[in-house]
Structure formats: structure tokens, C-alpha cells
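*Asks:* So you can see what is in the structure, the chains are spelled out below.
2 protein chains.
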Amino acid sequence: MPEKVLIYSKFPKTLMVRIGERFELLDAAGKQPGEVFSAEQLSTVRAMITAGGTQLPGDVMDTLPKLAAIVCYGTGYDGVDLAAAKERNIAVGNSPGANAASVADLAVTLMLTATRRIIPADAFVRDGSWAASKPSPLLRAVPGNPGRRIGIYGMGEIGRKIAARMAAFETEVGYFSRTKHDLPYRYFDSLERLADWCNVLMIAVRAGADTHHAVNAGILKKLGPDGYVVNIARGSVIDEAALTAALQNNVTAGAGLDVFEKEPHSPSALAALPNVVLTPHVGGHTTDSHAAMQDCVIANLEAFFAGRPLEYPVR
Amino acid sequence: MPEKVLIYSKFPKTLMVRIGERFELLDAAGKQPGEVFSAEQLSTVRAMITAGGTQLPGDVMDTLPKLAAIVCYGTGYDGVDLAAAKERNIAVGNSPGANAASVADLAVTLMLTATRRIIPADAFVRDGSWAASKPSPLLRAVPGNPGRRIGIYGMGEIGRKIAARMAAFETEVGYFSRTKHDLPYRYFDSLERLADWCNVLMIAVRAGADTHHAVNAGILKKLGPDGYVVNIARGSVIDEAALTAALQNNVTAGAGLDVFEKEPHSPSALAALPNVVLTPHVGGHTTDSHAAMQDCVIANLEAFFAGRPLEYPVR
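If you read the sequences in order, they're chains W and Y.
Okay, so the first sequence: first residue is 1262 according to this note's numbering, each after it adds one.
Okay, so the second sequence: first residue is 1262 according to this note's numbering, each after it adds one.
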């Protein structure tokens, strides 16, 4: 008989097909498990799958008395209360690096789309403005990439892949992370100094208390009026109200955002701006990335049910 | 007294500021010179600036009896009747490579934007569909870049820069051009074989009789239903009606187009498709690219008026 696994976050069903072939899935689909399943059904659940960004506090863990493994689909685990899990002897695993290429590709896509103003350019062709020779202030010549200073905040697997891709555009790449790595990019020992140096700030840092609102009004001011912000990490890293104000007031030239403080993101002052590109948290949303993340989820669950340590534990 | 130079194509005035500091410009702004200036005014014009894509036949050259130099702003010179210029002893120059990085960057931008469906994704966030959890068939997971086969048609300066950029996305790069180059990419000896091998066909070939409609229904069929087409070269290289039909009928997955058979492009069946990205011929439209193109135009004109051969002659 297959082992039971609770699905905690709301995932498209297609992503769970392969996992469902191996385990009996109880899909809470984003609701509290106790609202969807009886206490009896939950009483035998030993493992759950969650999206790392979904809030998973200790009291939810307590609705699953046998819970001993939390497996995050993806790289992030910022929503999981790690201290609460540890107290309860619950192992936490993730899918490290599985989506790194996909997320880094989206970061570069957002950077290029924002700086070359592809969204207004596409609308300009489609709505007939080009054919009508309408003036288009948004389509003035923009700075190109050669010599542009790309600042990467965070130098994990995703940050490295962003760096390698951006360097191919004849840019200069710098980064700030807690530790200096043996990499051919310029290291800055603070986010302020990185923002002061770069023209494009690309956020690839892990979410947490230490990075919450790290990109604030002061950092944006240092980035300067020709500066762009790209975020594919977590919405919490940016003070979104400060960024919106900066974009409205030409303190910041533009932004490409795949993640938001509150998701799904509702139409807002941000969504009304022409100098931004907004995507619905699809950084890891490629078929190869999903396959690799599912491989990690399955490997973690199989190890757990076989009585071994998780294959990819969060450290 | 500064030398007179006729501006033949319609250029934004800002692009001519530096050139206007050195020469006396007669701006026909896209009209026939004889409609804008008197025969007397034109009788002393020895040099003209044109956009390479603008049709410039012998009878227009004949309205400028002293014309001895045609200077193209940009890399292209496909609109200039070279045989007619030769007959009349008119030198033709261009701006080789000046816009290569800018154009290659746009090619990669269009490739990424089309394959990751950024236009519908951005609309999905902005119009509230994401917040309303609306289904979005266009936002299904898409293939990622690692291992993807990128086929480049044409391996001049722009093609090489596209190749170097795309290789950084962990793709395989192949190309077809008349001659095999000493480059670390797979060579194909025909466009058909390249299309059969690749998933993304990126057009970077010079326009001309030999490349007219080279990308036709047969090539698109070889590219296959997961295939994308990117064109930053000239609209004439693609049979646009065939591409439109292929995009409508899932013969081709998507396209990113900066150039069109007729420019400016009017809203059309192509502009109604969700799986395309359309930009208004802005490949070379960065401030650094314009500065470099202006440098070439000025160098060509200064050499000409000093009685020397053009600095960057078309061969």
C-alpha cells in the first residue's frame, strides 16, 4: 500500500502526477489540512509536500500528529518555521538547485525585457501606434549592455547562473553575499556599496529575517535614476511600497519582478506602471525544472519512508 | 562653411544632432529629395545619409547630380541599389558592427520573452487574472534552455554575438552560413538541415535576393511544433504570410520579430497572436549603438570630404 503524503500548498495538479504514482496524496490545495480532512485521516500522515514560500507554522504541524517530514517543492523554505519543525523532530527537505537554471533564465529575461522596454514596444506595434507614427516617449534609445554594471545580491546556485549569463552580454558583474567566493566577479562587502556601484540590481538572495526589506528606499537611491531592479527571489526582500514610489518618481528607472510581498499579486500602483515587467512567480516554471524538482521531492520522500535521512535536507 | 549632406530616410532628429554639428543637413525625412528641396539646393549635394533598409534606386540618385557618397546609418545596405551606385561612381559606406551588440541583445531578449511567454504573463498579473486564480493555458510550464538547440542563420558579427550570449544559457548552438567558420558551434551546410536540428531559429543573415523568403513554410515545418523563430535581420528573409499561418495553426510554437516585410508594421493577423513578441525595428536602438553608428557616419563623411576613400566602405 502506498504511503500517505499530504499536499499543503496549492499546486497545479499536473505537477503532482509523477509523485501521485508513487504515494497516496491527500491534497489540501492551500487550505488548512483540518478543514479538508478528518482528524482520523490526518492521524496517519507522516510526510507533507509544501511550497517553500507558504507559511507553515508549528500549529499546523500539530494537526498532523505523526508528521516527521516536510518536503519543500523547490529551493525555498522560508515559509517553514524551522525552529518549530526541529522542536517536533520533523525533518525538512528541499530541492536545491533543481530550478536554478530556470530561475536564472527568468531573471535575465526580466532584466532584458525591462531595460529594452519590450512590453511597451510590443504594445506600440500591436495597437497600430507604430503604423500611425505616434510619438513614443517610452521608446527612446536606452543604454545598451556592453559595460553595464550588473550587481547580484546573493551568490548561491541561482546567483552564479545569473552572473554567468549576464557576463556573456559584455557587462561587468559584481556581487554582495555574506561570504566572498572564488569567482571572477567583483565582490562588495555590503549591499549599499553594491547598489552604489551597479546599474542593475538583481536579487537572488534567500528570504529570511536578515534580508527582509533589505532593498529599501535608501538602497534604491544609491542605485540611482538609471537603475533597474530585478527580483526572482522572494517579495519580502524588497520594500514594495518604497520601490513603487521610486518607480513612480523616477528615482528608479524600471523593474522586473517575478515575486511580490503578497502573492498572488493584485493589480496595484505597481501594475499601473509602464516601466515594469511583472510575472506571476514563474521563475521555476519550466518543464525541465519541474521534472528536476519532482525528482528531489520523490528522492526525499523515498529516503524518508525507507527510514533513511532525507536525500536533500535543509541545513 | 560646413559641407552639405542630404538626409534621405526618416530619422528621429535626436540621432542627427552630433552629425549636424559637423555638416549642414538637408533633411528630406523620408520624402523624395525633389519634393522637399529645389533642384538648385540639390545641385551641390555630394553626400547623403540613408537607413540601409530604405529603397534607394538609381533614379533618386539622379536627382542629386553631384552625389558621390551614400552613407548608411547602420549595418544594412539592402535598400541601396549597389549596381546603380557603381554605374554612377558613387561610393557606398555603412557602419559595420557598430550595432552588433545591441541587435544581438535584442535577439536574445526576443527569444527569451517569446519562449517564456512574458507578454501574456505580464498581462496576467496586471489585469488581475493571477489574483483571481483564472486558468491560463498560455502559462503552462514551458521547456527551459539547458540543452535547447539554438540555430543561427548567418554568422556575421551579430550572429557571433547571438551565439556567445545563447551559449551562456547552457544551450547547444548550431549555425548555417555560406562558409564554415572557425567557431565552437556546430556547422550545418543548409538552412533545411539547421531547421531540422534546432528548436529556435534565429535569423541574423543579410537581406538580399539570395535570402528573400528563405524562411518559408517548408523550413517552418522542419523546425517543428516546439520551434520558435526570432528575426532581427530584415523582414524580407521570412515569408511572413507563411509564418503567420504556421503560428495560427501550431506548426510553429512562437516568434519574436523586430523586423517585418512592410515597415512600419500595421496591426495584422500576426499582431493578433498571443504567442509572438513584436518590436518596432529597435534592434540597434541603444544609446551606445547610436553613438557608434554616428561615429561611423561621421568618419565616412569626413574621409569623403577630405578626398579619401570612405572609412567603412561596403564591399
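Calculated directly from the structure, the hints in this document are not laboratory data.
Any given hint might turn out to be false.
[As the list claims (entries may be wrong)] Below, computed lysine-lysine pairings styled on DSSO-like, alpha-carbon distance capped at 30 Å: (1) W:K1347 <-> W:K1271; (2) W:K1395 <-> W:K1483; (3) W:K1395 <-> Y:K1347; (4) Y:K1395 <-> Y:K1271; (5) Y:K1395 <-> W:K1274; (6) W:K1292 <-> Y:K1395; (7) Y:K1271 <-> Y:K1292; (8) W:K1395 <-> W:K1441; (9) W:K1292 <-> W:K1271; (10) Y:K1327 <-> Y:K1347; (11) Y:K1523 <-> Y:K1482; (12) W:K1274 <-> W:K1523; (13) W:K1523 <-> Y:K1395; (14) W:K1347 <-> W:K1482; (15) W:K1395 <-> Y:K1482; (16) Y:K1395 <-> W:K1271; (17) Y:K1347 <-> Y:K1265; (18) Y:K1441 <-> Y:K1483; (19) Y:K1483 <-> W:K1395; (20) Y:K1523 <-> Y:K1274; (21) Y:K1292 <-> Y:K1274; (22) Y:K1395 <-> Y:K1441; (23) W:K1395 <-> Y:K1274; (24) Y:K1441 <-> Y:K1271.
*Asks:* What hint numbers does the structure not satisfy?
*Replies:* Of the numbered hints, 2, 3, 4, 8, 14, 15, 19, 22 and 24 do not hold.
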